[in-house]
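A.B. asks: One-letter residues, chain by chain:
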Amino acid sequence: MSNPQTFQIQEISAHPGTVPGQGTQREEEVCKYIDVTTCIGCKACEVACVEWNDHPFRETTFDDTYQTMPSTEWNYYNLIKFVEHERDGNLMWLMRKDQCMHCEDPGCLRACPADGAIIKYQNGIVDFQQDNCIGCGYCISGCPFDIPKFNPRTKKVFKCTLCSDRVGQGLEPACIKACPTGCLHFGTKDDMVQIARRRATQLQTESGFANAGVYDPQSVGGTHVIYVLHDITQPELYGGLPSNPTIPASYTVWKWLAKPTGLLMAGLGLLAVFFHRVTVGPKVPQPEPEPVITQHPDEVEAAREEKP
Amino acid sequence: MSSSVERFDEKARREFSRYRQTVVHRGELLRHPVYTRVLHWCVAISFILSLLSGFAIYSPWLYRWLTPLFGGGPTARLLHPWFGLFFDFFFLFQFLNWFAPMHWTRADSRWLRTVKAYVTNKEALAPEDTGFFNGGQKLYFWTIAGCAVFFLITGILMWFDNVVNRWVVAVSYVVHDLAALAMLAGFIIHIYEGTAAQPGTFQAMTNGTVTREWAWTHHPAWYAEVTGHDPREDLEQARRRQETEHQTREPSSP
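Going down the list, the sequences are from chains Z and U.
My numbering puts the first sequence at residues 1 to 308.
My numbering puts the second sequence at residues 1 to 254.
There's no promise every hint is true.
Claimed, not checked - Result set (EDC-like, lysine to aspartate or glutamate): computed pairs, CA atoms no more than 20 Å apart in a straight line: (1) Z:K259 / U:D177; (2) Z:K43 / Z:E172; (3) Z:K155 / Z:D131; (4) U:K122 / Z:E288; (5) Z:K43 / Z:D63; (6) Z:K156 / Z:E73.
What the hints contain is simulated information worked out from the structure, not anything from laboratory work.
Go ahead and model the full structure; you've got the sequences and the hints to work with.
C.D. replies: Structure, rendered in structure tokens:
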């Protein structure tokens, strides 16, 4: 969790009002670029992440692979997924650094019902504010990448912050700093996309990976973590990277259209019964105590004027 | 309902009525025994708590208003499923208790067709075949019963979201919301009908008794059943009595 003052906030989860100061600063969108083809699986980024975030070294799970554990955890934001893949009869070892993708259209933020628990900065970083988190876990179901993780002890959800605390001070994220092969880059989104495209072209023309490409899924408006993959047509190969990540419509359509409509109808219902009482009036047990006299307001006025 | 369930319900009623009886004053009719009343208010309290804590999470516009009632967002989130479980638990007993009188009959279908006259107060008296519960009350009961099932299933799926697919949670979320809106609509009408719209109704759930006038006005068939009198005849008698009283008190001026 970083200091929200560090950046200009662009979006706040479940926030009914405007975002204070939105658009007052020029901020460049940042991006992490991961060249999967030059990753050697050394896990220096995993260690750097744990160290920078001051997480305890947790128990790992051995499942007959080189992977540290099956998936990222609430105190393990960064995990290299190791996949043994066969290509043209040869073993191909796919190693993809898995972490929060920092979507331009973040499903976690769409799903979150707690005001200010998830914020998105103008530079593209999506950050959880655990002080405001209520631990409902909706963000987990909103995320197409299975990234937010629940801490059962504190009942808060955690994920990669893109080292927003470091970035705010002009430093690159810890994983970038630790990478020995230069497969991790950090900079503005425009620059990173350009470098990634150049690398993809190089892989296509010089290394025989005709399907090499940049993974920057537009179904979530693009991401602030992009990959270069050997085979962009099969992102699922790389430890389950979705080819078409989507946010459930219940967090987009239902939440922003049907929910206010439901509230409006509830409010109108309250008004309706109130004015029903005022106009139609109550149903009293019969016979009513005294005969009821119904008079038109004009008659009442006329009757009053007749008297001296 | 199977006989073992009926026996269970019978036993629950009997056990409970050992503790407290209802006082019925002269001229009143017993409508709800103490067991029903206690259940009703347990359901009501747990429902209101569920409603408030749930609507805190339902909409960003209510979040800052309603979460302070429960000590903040995290506690509202923590308590909501338990309020819901209590609601379902108590309603289960009320469901068994009221299963028989809530049976839908032809009279209820007829009642529903005349609902417009009911709402606009065109007719001061309920149709003569209106029994212990009218069609609207039964409709509300069955709405709650249906919603309670939906609440329970979708609520548990969202509570244990770590064991189910994320799409299951996303769908449950919408179903849970829709059930809540349906319940809220019924709840608003229910409270209105039970208080401001029909004087003399609220005491049925506090003292447990209603006046004879109330009974022959709103539930004539039930009145006939418990008193053995014709509701319309008794009403006419009361009217005549009132008129004579009126005349003796205020002799007509020359």
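A.B. asks: Would you mind marking each hint as holding or not holding in the structure?
C.D. replies: Results for each hint:
| no. | hint | result |
| --- | --- | --- |
| 1 | Z:K259 / U:D177 | 8 Å, holds |
| 2 | Z:K43 / Z:E172 | 17 Å, holds |
| 3 | Z:K155 / Z:D131 | 11 Å, holds |
| 4 | U:K122 / Z:E288 | 15 Å, holds |
| 5 | Z:K43 / Z:D63 | 17 Å, holds |
| 6 | Z:K156 / Z:E73 | 12 Å, holds |
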